[in-house]
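Residue strings, one per chain:
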Amino acid sequence: MNQPIIKICDTTFSYDQKPVLHSISMDVQPGEFVGVIGPNGSGKSTILKLLGGVLSAGPGNLLFKGVDYLNQNRKHLARSITWVPQEHSMAFPFKVSEIVLMGRHPYLSAFTFEGEEDIEIAHSAMERTQTLQFAQRGFNEISGGEKQRVVIAGAIAQEPEVMILDEPTSALDIKYQIQILNILKQLNENKNMTVVLAMHDLHLASKFCRRLVLLNEGEVFQDGAPEEVLQKDHIEKVYDIRIHLVRNQDGSVMISPDTLCIQ
Amino acid sequence: MGTVSTFFFLFLLTLMVAPLIGPTQIDLGKALFGDMAFGENVDANILFLARIPRILLAGLAGAGLAVSGAVLQSLLRNDLAAPFTLGVSSGASLGAAIVISLGWSYTVAGFSTIPIAAFLGALGAITLVFSLARTRHGEFPTTVLLLAGVTANFFFAAMVMFIHYLSDFTQSFRLVRWLMGGLDIADYSTVLSVCPMVFLGFGVLMFVGRDLNLISTGVHSAMSRGVDVVKIQKIGFVMASLITGAVVAVAGPIGFVGLIVPHIMRLIVGPDMRLLLPSSLFFGASFLIICDTVARTIIAPVEIPVGVITAMIGGPFFIWLLKRPKN
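These protein sequence lines map, in sequence, to chains F and E.
The first sequence stops at residue 267 when you use this note's numbering, and every number in between is there.
The second sequence stops at residue 543 when you use this note's numbering, and every number in between is there.
These are calculated hints, taken from the structure and not from any lab test.
The reader is advised that the hints may include incorrect statements.
Stated by the list, open to error - With a straight-line cut-off of 30 Å between C-alpha atoms, the simulated BS3-like cross-links for lysine-lysine are: (1) E:Lys447 to F:Lys22; (2) F:Lys99 to E:Lys246; (3) E:Lys539 to F:Lys79; (4) E:Lys447 to F:Lys99; (5) F:Lys195 to F:Lys11; (6) F:Lys236 to F:Lys189; (7) E:Lys450 to F:Lys79; (8) E:Lys447 to F:Lys11; (9) F:Lys79 to F:Lys99; (10) F:Lys22 to E:Lys450; (11) E:Lys447 to F:Lys69; (12) E:Lys450 to F:Lys99; (13) F:Lys189 to F:Lys99; (14) F:Lys195 to F:Lys179; (15) F:Lys189 to F:Lys79.
As the list claims (entries may be wrong) - Just the calculated beta-carbon pair ranges, DEER-fashion: (16) F:Gln90 to E:Pro412: 58 to 64 Å; (17) E:Asp444 to F:Asp20: 22 to 28 Å; (18) F:Glu221 to E:His380: 55 to 61 Å.
Everything numeric in this text was worked out from a predicted model, so none of it was measured.
C-beta atoms are modelled at their ideal positions from N, C-alpha and C, and glycine is treated no differently.
Isolated chain E (complex conformation):
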């Protein structure tokens, strides 16, 4: 448990430091205690309306993608599995694109249709890849899994392009803007829409942590130890889709976080999901907040999408994972 709390403190630290960093220098004293109306207090406006919601969203997105990646890796018994590599993110994009292009993006009683569509898209993608890549013995060979993921990615991307092509100008613009993703459109309501999904998913997954450990050692062994494998697979895939859908619906597909974070955490805290899930949650949040801080400041005043930063780190990391010597 010691290491998990280390990552919790790392998370708190990034949460406190990141709002102070940005292209515009802000005066913290003035922002917090400035003797003027909020509307006129530029420092407070930057801090509370621009930076903090964005950082919270980055934290939630990073936490969610990392948890979702950790679960997919254990269910598929493969450390190259992640929302991005399996086409789950692009499945979520397709779901959201369909809703946006049909003009069905409503919000009913606080529930927006976009995350629901993204959730269904993600779940569809997981189901597809799972059934394509599984052998008769319940294994998921790396090559088949990655090919199934690539296929799913291309297929969903093609469908999104098709929808894009059929859309009129306004819809097309909204779609492009959304597909580019990013955390720059964050406000507190987007933060609140993602928050329950990430924490619900995380809580449920923690509850079945030991079952997930056993499944990651093999389905038949898990069954013989008393795990209801089919039930746990369903719970795991639904929760991973729920989280990925919620994150992708507001932040767009951000690659590689779900691959890198659980992997690094496994090297440090080991493969036990009861430790891996919380440390991935905290480190995933810290990781994406740091990446986003870099994205906001590296060529300021221009902001680059955070997905560019994660991909620049994640691409080489993925190649290393694929080529590293196995024992």
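Bound conformation, chain F alone:
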């Protein structure tokens, strides 16, 4: 096995005394497409913020290619890892193209404007995400699915090796969910981008991810191929419900509740 591109070692994390993650360990290999699943409050967002380098659990907990996140210059780390938030509220009327160009920040020195090359990179990122047609519109004027694609275009313009996304599909309808997941799949397959994303939809998770990490109460409950992780008893235990599980021919699973009553 190669050296993992990201390694999180025995990490415990609390918000104001309230523990969220308990001694989590996980390796991500280059080129993987990993889905992080689990109930609300199981620590998905927190683990992704740690992986994305926007939260810190202290020295020695997170390594990028064997080097501690904290020992790296922020801009350098940003050339390798990007993190995409779940919600996009913009206080000011930035244009879509401006948001995408902000992805070039780690490559620019202080007091400069973006150059020809940056504009070209942003342009092709917008092409890839089909956001070019509203490049000149205000970010606050476009729909939720369009916003998500714009933010992903910004992340692509950052040219990272690893993209961490916090529930990129949760607020979207099925068409946009699939559109976003296809964009990520293409990045993963064509550009060898390592993708780690949190998801709620277990069916889509099993369809798109080649590896799933099931979190339960701040611990890794299961970690492996979708068919190993998405077993009836695992889901019933972690989500505390009774389900029917149907396995499709492509290996993906369909899950429906056994009764409408929660146990």
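We have chain F already, so just place chain E on it with the hints.
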């Protein structure tokens, strides 16, 4: 960049026209080329000793407050933030009031203690409001931010009153005179004391303009784009305090400039700080020079404090900002 130069020319225009306007008609030819001693040349005296330093001070104060407001708005991700609404101006007043009432207002090697105290007061106020209003996720909800600002304002105002109450007659008079603020006591030395602070602050902030843009889209996103958020927040707050402190120390608290100007500029040049900061600088200067010209002439020969004019424009503007339909 085109729009920024428009505001630069507007600034130059106000700078040239404003000295000619005033309750006393002056003869420019006589003021500039009059064949008499400066002491006897009334027109030159009015122009060079009364109007020009006052206009320069108004320009610096307006520029400083506008830049400071623009930075506070981007760091707090809220367009209702400003030195005045957040209690930063009143924090600066408290700092200055403490120094005045204790009789510590010295000038050492060109540095006066009043602006330093005002700077520390402003920085204290920003730190207080920042820590009160910030949620766990690094957001600053409007209601909490405004309440924290109002609280800080009341608190600092009460402290100033307390100091005022304890002061003896002379100190009390100096304090009242200072608190009323205004640009009418301007001379070239006050202009020179404010000038470096405004330009230092502006220069440093321009240097981190792109970082400020990113922070205004969210702290975590900014971090993931490689911004050292804590460092930039510190730089931004210190520079905003430095500018506000310097301005408030000589001109007293002048409200609403730091709220109105960045807002109007954002509507015209957009939210990119690399354009917003210079256009706020020039438009802020022009705006306060115009307001002060109105204040000097509207019921001449009586001059009203410029803060009255800015508040009469700014109050309704603030209400409009608060009530305007959001998309």
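Which numbered hints fail: Numbers 2, 3 and 16, in rising order.
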